[in-house]
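Trainee: One letter stands for each residue in the lines below.
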Amino acid sequence: AQSVTQPDIHITVSEGASLELRCNYSYGATPYLFWYVQSPGQGLQLLLKYFSGDTLVQGIKGFEAEFKRSQSSFNLRKPSVHWSDAAEYFCAVGGVTGGGNKLTFGTGTQLKVEL
Amino acid sequence: GAVVSQHPSWVICKSGTSVKIECRSLDFQATTMFWYRQFPKQSLMLMATSNEGSKATYEQGVEKDKFLINHASLTLSTLTVTSAHPEDSSFYICSAPRGSLDNEQFFGPGTRLTVL
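The listed protein sequences derive, respectively, from chains B and D. Anchor point for the first sequence: position 22 equals 22 in our numbering, and the numbering is continuous, going up by one each time. Anchor point for the second sequence: position 7 equals 7 in our numbering, and the numbering is continuous, going up by one each time.
Any given hint could be a false lead.
What the hints assert, rightly or not - Interface residues of chain B toward chain D, partial, derived using beta-carbon atoms under 10 Å:
id, residue
1, Tyr32
2, Gln38
3, Leu44
4, Phe51
5, Thr55
6, Trp83
7, Gly108
8, Val113
Hints were generated in silico from the structure; no laboratory data involved. Even for Gly, the Cβ is constructed at its ideal location relative to N, Cα and C.
With these hints in hand, go ahead and build the complete structure from the sequences.
Mentor: Here is the structure:
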């Protein structure tokens, strides 16, 4: 069965500092990997996705993530965090094999940005 | 990007009543939609897959008689929480895939259900 682990429940960074949110996955085949952001009162917004090809993926809002098969990881990074980045971030894994369109989400990381 | 709406955004009901939540894809058609449940400070848990023109597929442990799903058209899926109880209070979120990249899903803003 597929699973996603986000080891950090809460992270606090200062505005302007760099950010890395960790995500590890378990999946039997080549995974489709996603990062979503959830702000209060809003739906989940896709930041970026990895299906195949270049393992360094660029997303919206200056985010990027790197797929590392050997480590089963898909960590999210941003070089300089803005106060508006404070939100809940979810890593998700999905695939055609066995799960169709189904996504399995991690437990999320709550990001707090200090001004 | 594609837009998925949910109605209502929040609802409060008495224990024992039924509540219907709508999920609409506003600018695309979706033969499949997904319903998730999210508890406070927790992740999204897939409840069921809504299939247009056929029965929904429920995840293990989800009571299909409790959570009735109807995918009446290519743009509308409804989730009805029957005989709601306080433990059904939660945040319900729907999503719909669009286009050839089926794994790219678009999420609704969610519905907050509170059962008194």
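Trainee: So, for every hint listed, does it hold in this structure?
Mentor: Now the hints, each set against the structure:
Taking 10 Å as the C-beta cut-off, the interface hint given for Tyr32 (chain B) holds, the closest approach to chain D being about 5 Å. For Gln38 (chain B), the interface hint holds, the least distance from its beta-carbon to any beta-carbon of chain D being 9 Å, beneath 10 Å. For Leu44 (chain B), the shortest C-beta to C-beta distance to chain D is roughly 4 Å, which falls under 10 Å, so the interface hint holds. Given hint, Phe51 (chain B) at the interface with chain D, holds; its Cβ is 7 Å from that chain's nearest Cβ, closer than 10 Å.
Annotation: interface hint on Thr55 (chain B) violated; nearest CB of chain D at approximately 18 Å, more than 10 Å. With 10 Å as the threshold, the beta carbon of Trp83 (chain B) stays out of range of chain D, its nearest partner Cβ sitting at about 22 Å, so the hint is violated. Interface hint status for Gly108 (chain B): upheld, as the beta-carbon distance to the closest one in chain D is roughly 6 Å, under 10 Å. Below 10 Å, beta-carbon pairs count as interface contacts, and Val113 (chain B) has none with chain D, the closest being about 18 Å; its hint is therefore violated.
Of the hints listed earlier, those the structure fails to meet are numbers 5, 6 and 8, in rising order.
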